[in-house]
Every structure is written in C-alpha cells, then in structure tokens.
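Please build the complex by placing chain W on the supplied structure of chain D, with the hints as guidance.
Order-wise, the sequence lines are chains D and W. When we follow our numbering, the leftmost residue of the first sequence carries the number 1, and every step to the right adds one. When we follow our numbering, the leftmost residue of the second sequence carries the number 1, and every step to the right adds one.
Keep in mind that the hints are not guaranteed to be accurate.
[As the list claims (entries may be wrong)] Output of the computed footprint for chain W on chain D, the stretches with three or more beta carbons under 8 Å from beta carbons of chain W:
id: 1; segment: 148-161
id: 2; segment: 170-177
id: 3; segment: 313-323
Treat the hints as calculated values from the structure; they're not laboratory data. Backbone N, C-alpha and C fix where the C-beta goes; we use that ideal spot for every residue, glycine too.
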Amino acid sequence: MRKALLCFFLLVWISGCEFKDIDKRFFVVAMGVDATGKKDKPYLVTLRLAIPASKVGEGLAESQIEKVESPSIAEAIRNLKAHVDKEFDFGHCRVFLFGEKLVAESMDEPLNWLSRRRDVQLISFLAVAAPNAFHVLSANPTTERLAGNAFFLTFGGEGTVSPYTVTEYLFDSFRRFKEKGLDPYLPIVGFDGDSYVAERLVLLNKKKEILTLDPEETKLFNLSANKFSRSGIAADYKGRRLALFISRLSRDISIEKGEVPIVHLRLKVTGMVEESTASLMSNNLAKAESILEQSVNKQLEALLVKIRDADVDPYGFGLRYLAQYFGSEQDYEYWRNVYPRVQFQVDTRVVIESTGLVR
Amino acid sequence: MGSRHTYYHVLYVGMINIMMFVPYFLIKERFHGAVLGMLIALAIGTILSLVSMACYERFPGLGFPELCDLYLPRWLTVTINLYGALLTWLPAGAIVIYSYSETVRMFFYPEMNPFVNLLLMAGAAVWASSRSTRTVQFVHEMMIIIVSPLLIMFLMKAIFNPGMDWNAIRYVSGYVSKPPSFITIAAGSFLFSGFMSLIVFNRFHQQGFRFRFRWIVPVFATFFLAVTFFVPIGFHGTEAVEDYVYLWSMTADSMIMEYGFINRVLFVFLLIFTGVSLLFIMNTWHVAILLIRHSINRFALVEEAPVSKINLWIALAAAGLSFVYMRFINVDRNQMISEVWLITRFFNEIVFLLIMLYFVWKKRKEGSTS
Chain D
1 MRKALLCFFL LVWISGCEFK DIDKRFFVVA MGVDATGKKD KPYLVTLRLA
51 IPASKVGEGL AESQIEKVES PSIAEAIRNL KAHVDKEFDF GHCRVFLFGE
101 KLVAESMDEP LNWLSRRRDV QLISFLAVAA PNAFHVLSAN PTTERLAGNA
151 FFLTFGGEGT VSPYTVTEYL FDSFRRFKEK GLDPYLPIVG FDGDSYVAER
201 LVLLNKKKEI LTLDPEETKL FNLSANKFSR SGIAADYKGR RLALFISRLS
251 RDISIEKGEV PIVHLRLKVT GMVEESTASL MSNNLAKAES ILEQSVNKQL
301 EALLVKIRDA DVDPYGFGLR YLAQYFGSEQ DYEYWRNVYP RVQFQVDTRV
351 VIESTGLVR
Chain W
1 MGSRHTYYHV LYVGMINIMM FVPYFLIKER FHGAVLGMLI ALAIGTILSL
51 VSMACYERFP GLGFPELCDL YLPRWLTVTI NLYGALLTWL PAGAIVIYSY
101 SETVRMFFYP EMNPFVNLLL MAGAAVWASS RSTRTVQFVH EMMIIIVSPL
151 LIMFLMKAIF NPGMDWNAIR YVSGYVSKPP SFITIAAGSF LFSGFMSLIV
201 FNRFHQQGFR FRFRWIVPVF ATFFLAVTFF VPIGFHGTEA VEDYVYLWSM
251 TADSMIMEYG FINRVLFVFL LIFTGVSLLF IMNTWHVAIL LIRHSINRFA
301 LVEEAPVSKI NLWIALAAAG LSFVYMRFIN VDRNQMISEV WLITRFFNEI
351 VFLLIMLYFV WKKRKEGSTS
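Isolated chain D (complex conformation):
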C-alpha cells in the first residue's frame, strides 16, 4: 500500500512542469510600443532583453534590442520569438514605454494587451517615451550596472528621488482610465546622451494625450496632487531668489457647492531655506513666508485653470466631489457640465522652520 502510494506520487513529477532553465530564457526588462503610422502595421514593438553576464559593473550592463512592426502587440511578441534563440520571460519586465505618437493617437490597444497578460505586474512603471520608445530603449545609460536597472532607479524612488519625476504604476493607470472624475497621466522619459531624463508630464483623457506640462508645472503638480514632499518652492524676495526646501507637506481638498462649485485646495508647507542671498531675521521671516505663499497660490491656480481648460481632471476633483456629497449618477452629470467653469481657490500656508545653518 505504502509503496504503491509512493510510486504514485513520484509519477506525478514525471509529467513535469514545462520549466525552462534560466540559461534558456531571455528576461525582458523593458518594453516599448510605438505607432508607425502605417495602415496595415500600426505598432512597432521594441523589447529590451537582458543578457545574463558574469561581470557586474558600471556601463557593463548588456542588453539586446529586438523590434518588429505588427498589426497588434500580441502578434508582434509572437513574431519576435522567431528573432531570438531563447524563450521570453516577462516576469521581470517592469517598464512599459509608449511613443509620443502613439499616446497622441490612442492608448486603447496597449492597455488592453497589458490587462490581459497574466505575467505583467500591476506594479510596473508606465511612461511616455520621447521622441519614441525605440530610441529610449536602445540608449545605453553609462552608469547602468544591470540591464534595465536605470529605469527602476529613476521611477521606483530607490535611487534618485526627484520632485520632477512622477511615478505612474500600471494598476493606477487602469484605475484612472476608467474612473469617473479622475483622469490618467504619464511621465515623459527621454535620453540625454548618458542618462534618462524624466521631468515632464502628459495629461490624458480616457483615450489619448491632451496636455503636456513643462518641468516647473510637473513639479507643482506632483507637489499638489501626489503630496510629494522633498520638493522645493521658490519666489523672488527683495529682488533676489529665495528657495525653500520642503520637509513636510499636507494637503486638503474640499469642494463648495454653489452656482458654480469652488474647489478649495489648502496646502501646508513646512520647510527650511536652502538659498537666499537676502538675510532672513525673525522680523522679516513672516514677510518671506507670505511672499512664498502668494507665489505658490498664483502658480497653482494658473496650473489648475490650465488643466481645467484642457478638460482633464488628473487631480480627481470630480471623484472628490462625488465622495464629499455622496453623489449619484446625476451629480456626476452635473459635475461634467459645470467642470469647465469651476473656480479654484488655493490657500497655501508656508512655515519656515529653519533658515539653514546661517540667518
């Protein structure tokens, strides 16, 4: 009896899982999709494949780039299998780039492909590649130690933490592309010759690109929408530049009902002075604070109006409105109609808690 049972269990393993060894696999570390503009083959799919190496070091990360044009993304991947000698493994692919041209057209198909693949991690990073995904993927950052690692360090917050770099995860994009009163955004990543640059942001409606924010606006957006502290604000004070490093940040949004709703966005910024050639004493600190406050209020209100006029809602004011008033379908319709006329009121409070090591 016991022997029979043992044999039975051993037999289980004979059927085996079709497991391929690591040296028979290509690890895809990043994938890019571009629009070609052709009618029959609209997509150019680029894969960055890591080449396993025994040496690890700066600039030694080797990778292979494969690309193919195809009518659909899934077909492109299948076709690409014929271009290489090892099996693709998407298990480590955490970066998906979309060419600017594709984002300006439609994101429907790439998102659909991503949502159906079971081996695509929902914590992957998404970005728009400038000028196109193939260009960015074939670039070789000089200090990259492991293939594809520079992307993870840029977006993951493990390496550099920049207020200009907005991180967008795949699950968040899936949410934003469908949600009522909340619209998607994607950071733009480019290559400047030795490393990646991610300092701009694309705002999308439910389908495609609508508006691009410049680096300053991106920073302000990141600060006010994602509550990204470790950022900075600056203003002219007595004709000289005053720069504040933000150590703590809190934000509160409430929407006031009325003829046209008014969005109240309150920011509380606590930080220390990083640069100011005008000396700051306790008697003029309050003055400096109020100058910073007004500067942020003005810039942010301008940004909010610009975003509103483009008819996108990356902040999720619509959702916030529904949440605050426990809205129904009709409330959302009302919000949709009134959104182009919504007023914004930004109320910033800046607290300078230290002027650095000098006054």
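Using the frame of chain D, we list chain W on its own:
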C-alpha cells in the same frame, strides 16, 4: 479546548471568503445595494453566531449529531447530518480547492496541467482531513501561528498603502441608501460562518465551558468584510474594479515591497492563501467525514489512534469528487455554483440554529419536569 480554537475557525473562514467569490458578488452589486446588504449581513451574522454559540454552550462535549440523536428520531438525524455533510461541507471544500488551485496555477506555473496541480492540493487535503479531530484542531493553531505574521503584514500593507484612493471608497459607501440585494446579504454573512464548525468541534468543550471574549466574532467578521469589499475598490477605483477575474490577486499585485527580497506582494498573498485554503478544505472535509461516520455507526470520538481507514476512504472520495468537479467546471460556472452554495448555506445556518434552539428548549423542559 479554549475559546480561541473557535475563533480560529472564524478567522480563516473570514479570510477564505476571497476564494468563495464573496468579493466578486459584493463588488458586482456595489452600486446596487451592496453596502446596505453588508450592514444587514453583519446584523444577521452577529445574531446567528452569538446565539448559536450560546446554544452550544449548554451542551458541552456534545456535537450536533449526538444532540440530534438525543432529541430526534434516527431517520431524521441521518437525513440532517448527511445533508450537511454532502451538500454543505463537502462542496465548500470542492469550490475552494478548485478556485485556489486555479489561482495559483494562473500566477505560479501557468503551463502546468491543472489536474496535476489539483492532485498536489488534494493530496495534502486528504492527508490532513482524514486525521482525528484532535489532530485537526492542533493543525489549526499551528497554521494560524505560521500565517499570521505574513497576514498582519499583508493587511497593514493594504490598508495603509499610498495607492489606496479613499475618495473612491467614500463614494461607494455613499450608495448605502440603495435597497439591499439578497446575494450580498447571503455572501456577507458567510464571513461569520466559522462558528458552524462547532457542529463537530463542540465535542472538545468540557463541562462548565463558557466562551470568553465572544465579541471577537463580530469584530473579526466586520473587519474582514470591510477589507474584502473596500480595499479592492481603493486600489482599482469604482469602475475598473469589476474588470478583474482574480480580483484579490490583482489587488495584492498592486502593492510593492521595495526592500523585500521579492517585490511583488502577490507571492506573499498566495503563500498566505496556500495555508488558509488548505486549512479550510481540511476542516470542511473533516466535518463531512465525521458527519458521515456518525450517520453510519454513531462515531463521536475526538481522539482515535490509529485513525480508522474509513476516514481515508471518505477523504479520497471527496478528492475524487473535486477532480470530477474540475473536469466539468470552469471559472464562470464555479462562480455560479458558489453563488448557489452561499445562498443555501445562508438558509442552512438559520435552520441549524432553529434546530439548536429546539434542543435547548427540550433540555430546559426536561430539566423542569425531572
């Protein structure tokens, strides 16, 4: 046996709702009465569980089958117990073993033959569920101890995640005024069902046993019900949340451990559910085995060494049935069957409680006459 062993049942049943598609039914109705349905489920579940526990307290050391023998004719005892075994406890294990093995197959080894995968799960379940009740009870405590650090980490990670959108949660909870839908009441009250294991596990209780901290049952169930419904909405928003087939796996996959040795929380989640699912399957099949054995020869011992062969045969039959189940079922049909199961279970619980109340009434009458 202390009160805590009963609360282990409440704990793992509260978690296994994910494999029973409870989140799926709740989310589907999120704009059509899920919130109020859940509140009603909480009230009903609290009453069912606390009253049942109070009833069992009056019969320390006796399981439900023995009580039936005391107060009901034999044919009715056998009918009720076989009905419970074959149509409530056994299918519960089959539904969970199928959905769990399909979930892991999807994410761990998609190329594997589904039956091989099921065989591994069923092998473990057969072995565990065919032990004596005492052994099964010990396994609970061990598994809970092993799983809880990961579980607590996972829950903290989920609730305090910056990716959670509290506006979406608040928006959906605003739909509390919609009239409740019945399936959400049935599905929501499932989270309390851990107390149903008392049907067999009450045999452990000594004379004079009282439950301590019985408020734990509604607190656990309320907590897990809120988590199972609101966390996926917080991660996927109010619209996209209904797109996912493997809803909770995808929710776990939306969390990151930057400095963990694997950065996908998904694998932690699947690890937790390996333990919890096996625990649930072991239990349901074990209860089914004991109910069947009592129907055959009034077997009602908690310890038995060596374990009778019949345990193994019934467990193997249950495993065989789960293979047949897999052969004829797909994910959609499994959802349908679990819906039917959740609803019948809801009525079963009420009927079982009424029977228990009848026993208590009988006992009190006997006590007053003698």
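Hints, verified against the model:
1. 148-161: Holds, because 3 residues of the segment 148-161 of chain D bring their Cβ atoms closer than 8 Å to Cβ atoms of chain W.
2. 170-177: holds (count 6)
3. 313-323: holds (count 5)
Violated hints for the displayed structure: none, as all numbered hints are satisfied.
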